[in-house]
Amino acid sequence: MATIRDGKIVEDTWQHVADGEAAPEGDVIVTLARLRQEGEALRARAGKLGVRVGSDAIADEIGDEVKDLALVAIEFPKYVDGRGYTIARKLRDRFKFEGELRAVGNVLRDQLFYMHRCGFDAYELQEGKDAEGALEAFQEFSVTYQGGSDDPRPLYRRR
Amino acid sequence: MYQYDQYDQRIVEERSRQFRGQVQRRLSGEILEDEFKPLRLQNGLYMQLHAYMLRVAVPYGLLSSTQMRKLAHIARTYDKGYGHLTTRQNMQFNWPTLEGVANILDELASVQMHAVQTSGNCIRNTTSDQFAGVTRDELEDPRPYAEIIRQWSTFHPEFAFLPRKFKIAVNATPDDDRAAVYFHDIGVKLVENGAGERGFEVLAGGGLGRTPHIGQTVRKFLPKEHLLSYLESILRVYNQFGRRDNKFKARIKILVNALGIEEFSRRVEEEWEQIKDGDMLLPEEEIERVKKHFAPHAYETLPDSDSELAALALDKDRAFGNWVKNNVRPHKVPGYASVTISVKDKEIPPGDLSDYQMDQVADLADRYSFGEMRITHTQNLVLADVKVSQLRELHEKLVAVNLGNANANHIADMITCPGLDFCNLANARSIPIGMRIIDRFDDIDYMNDIGDVNLKISGCINACGHHHVGNIGILGIDKQGVEHYQLMLGGSAGNDASLGQIVGPAFTQDEIVGAVDTVLQRYLKERESADETFIHCYRRVGMAPFKEALYGDN
Ligand code: SF4
Numbered sequence: 001m002a003t004i005r006d007g008k009i010v011e012d013t014w015q016h017v018a019d020g021e022a023a024p025e026g027d028v029i030v031t032l033a034r035l036r037q038e039g040e041a042l043r044a045r046a047g048k049l050g051v052r053v054g055s056d057a058i059a060d061e062i063g064d065e066v067k068d069l070a071l072v073a074i075e076f077p078k079y080v081d082g083r084g085y086t087i088a089r090k091l092r093d094r095f096k097f098e099g100e101l102r103a104v105g106n107v108l109r110d111q112l113f114y115m116h117r118c119g120f121d122a123y124e125l126q127e128g129k130d131a132e133g134a135l136e137a138f139q140e141f142s143v144t145y146q147g148g149s150d151d152p153r154p155l156y157r158r159r
Numbered sequence: 001m002y003q004y005d006q007y008d009q010r011i012v013e014e015r016s017r018q019f020r021g022q023v024q025r026r027l028s029g030e031i032l033e034d035e036f037k038p039l040r041l042q043n044g045l046y047m048q049l050h051a052y053m054l055r056v057a058v059p060y061g062l063l064s065s066t067q068m069r070k071l072a073h074i075a076r077t078y079d080k081g082y083g084h085l086t087t088r089q090n091m092q093f094n095w096p097t098l099e100g101v102a103n104i105l106d107e108l109a110s111v112q113m114h115a116v117q118t119s120g121n122c123i124r125n126t127t128s129d130q131f132a133g134v135t136r137d138e139l140e141d142p143r144p145y146a147e148i149i150r151q152w153s154t155f156h157p158e159f160a161f162l163p164r165k166f167k168i169a170v171n172a173t174p175d176d177d178r179a180a181v182y183f184h185d186i187g188v189k190l191v192e193n194g195a196g197e198r199g200f201e202v203l204a205g206g207g208l209g210r211t212p213h214i215g216q217t218v219r220k221f222l223p224k225e226h227l228l229s230y231l232e233s234i235l236r237v238y239n240q241f242g243r244r245d246n247k248f249k250a251r252i253k254i255l256v257n258a259l260g261i262e263e264f265s266r267r268v269e270e271e272w273e274q275i276k277d278g279d280m281l282l283p284e285e286e287i288e289r290v291k292k293h294f295a296p297h298a299y300e301t302l303p304d305s306d307s308e309l310a311a312l313a314l315d316k317d318r319a320f321g322n323w324v325k326n327n328v329r330p331h332k333v334p335g336y337a338s339v340t341i342s343v344k345d346k347e348i349p350p351g352d353l354s355d356y357q358m359d360q361v362a363d364l365a366d367r368y369s370f371g372e373m374r375i376t377h378t379q380n381l382v383l384a385d386v387k388v389s390q391l392r393e394l395h396e397k398l399v400a401v402n403l404g405n406a407n408a409n410h411i412a413d414m415i416t417c418p419g420l421d422f423c424n425l426a427n428a429r430s431i432p433i434g435m436r437i438i439d440r441f442d443d444i445d446y447m448n449d450i451g452d453v454n455l456k457i458s459g460c461i462n463a464c465g466h467h468h469v470g471n472i473g474i475l476g477i478d479k480q481g482v483e484h485y486q487l488m489l490g491g492s493a494g495n496d497a498s499l500g501q502i503v504g505p506a507f508t509q510d511e512i513v514g515a516v517d518t519v520l521q522r523y524l525k526e527r528e529s530a531d532e533t534f535i536h537c538y539r540r541v542g543m544a545p546f547k548e549a550l551y552g553d554n
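Residue numbers (the working numbering), protein chains in the order written: chain F, 1 to 159; chain V, 1 to 554.
Excised from the complex, chain F in its bound form (with noise of 0.2 Å):
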């Protein structure tokens, strides 16, 4: 599996954490329950901290826990769940979250583009997909009609 953070395959220093497991050194993501209960412990280590959250996450109800994390995670356990995009937009715009928000699941190439306007900066591509090919998703349009998370103007004030 590739990870590409801001438009580049990259080295993937973060460990996903299942529960029960112990915590290893480095950075993790832990789930959200993990990171409810274990949350001091878990902040006091030495590595960076970071939570997966799964679709059904209301960022409404997340948002002040998740803030200030170095990673917040999110699923998309099938890729035609849409729930995840609006996740990204109201951590981002909302909770003016700041660290890296990563695409984990059923992550295509095809929804790079969208992702990316929601908030994404970083993808667990899915197993066995060509990630060279994927990073053409990017530069697939050079123009958007609506603002997004990264430019939240409209075209009509950049036309």
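Treat the hints as calculated values from the structure; they're not laboratory data. Every residue, glycine too, gets a C-beta built ideally from N, C-alpha and C. One or more hints might be untrue.
Listed below are several chain V residues computed to face chain F (Cβ distance under 10 Å; list not exhaustive) [said to hold, decoys possible]: (1) GLN6; (2) ARG10; (3) PHE36; (4) CYS122; (5) GLN274; (6) LYS276; (7) ARG329; (8) TYR356.
Chain F is already provided as a structure; the job is to place chain V with the ligand on it using the hints.
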């Protein structure tokens, strides 16, 4: 009409290139069919019973003659020589190949057209009144707002994977509603408030399908500059809370009803509070920029023509007189009229146009109607700006290409879904039933006697033919493997929105046409006068007399 600038043009060209790449990756096996499906759907490409179908977007139904000629060319080159008008004012082609579609998109882009979001679980083509801009009963032309919504919704990054498809309609006529705003996921009504300011009433949760609902008011008055942020707020609430576990419960109407309109509206307003004064505020200059594209044509100054139009309806050439009476309506500019070209003929599937007819209509639009035409949601065409003095000439030319039928707004002017001839969800055929009904009511005097009535046919419960809101609705069902048809009465899609009720046991294919006739004959007996239309009569007398006529006493 709206003309693309460099930005709009670049978007459709880039889309075409993107789709060509997606097709190549599909053909090479890099994308699986399951992954490709939503991509092709968001580009209007369906898999039907026998082949692919491509649905081309015609924003709010408005087309130039150049665009129509391009559609004719596409029908000829990539299809079997015809296209089909849809209830979302689009045109679809039933027989393209996957490889051909990429070329079709390039062809479309060359005339400022595309197939973006004509299917899939995203925001679909925004529809409006087919007489927008020329009708006397509107506050102002709704099309600039439909265009503004089109641009906002095109490739909206947050709303490309909604729980289900999403349809928006806009109208601006306080007393009449030809855009069916009460039966859309969002209905936008241009209104005036007590202070004489223009804004929008916003409705949500209307829809047909398996569980029809009439849309409810989310906000009575929305200042114009907030149009897009308000739509965005509704979509955002829907995207978060709409059901995704059951596709039959995924439309926004289910959410609105589950939460109740108060709670739904509260969530929308709460969302809106957060974004309403941001960058989405619609500046007056942008509204003006778009409005300029819909400025009135260079009409000649002509004397008032209402009495002339009334006289033409009584013309001694009865074919022409009837056509004027049924298919021509007054225009807001003296000396002009709007013509409905009926695409309902007993020999041809309702809404089908041949490439030759498309070319001819394009020529007629150039000659008689400022080079523009419109597709109606009732699967007809409109030439909106014809001089009254040229109506006779135009009629002759339409008759010559088999488009001169005088049946607009009458029993033969029906909506039919594709049904079992094309659709893999169908229980029964719709098109042949439609054609047989047109044939049955071929006698123009009988049809005129029956007067204004609309008939809508769906081949299954998904209601693509809008049978719930037909004054007379027909629904195809499967009864032990045999096609049957349920008859419904009393629906209306207008301002007096209502849902039809099933009369009784279903009819066979051989019985259904006669059953429609039985209902109409009973109506002729029941009505108080010729001024009482079918729907008014039905509302007065109720179901009982019709039931009795159809099934007898027991
Ligand atoms: S109503 Fe049913 S049969 Fe007709 S087009 Fe829709 S899904 Fe197909």
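List of violated hint numbers, smallest to largest: 6, 7 and 8
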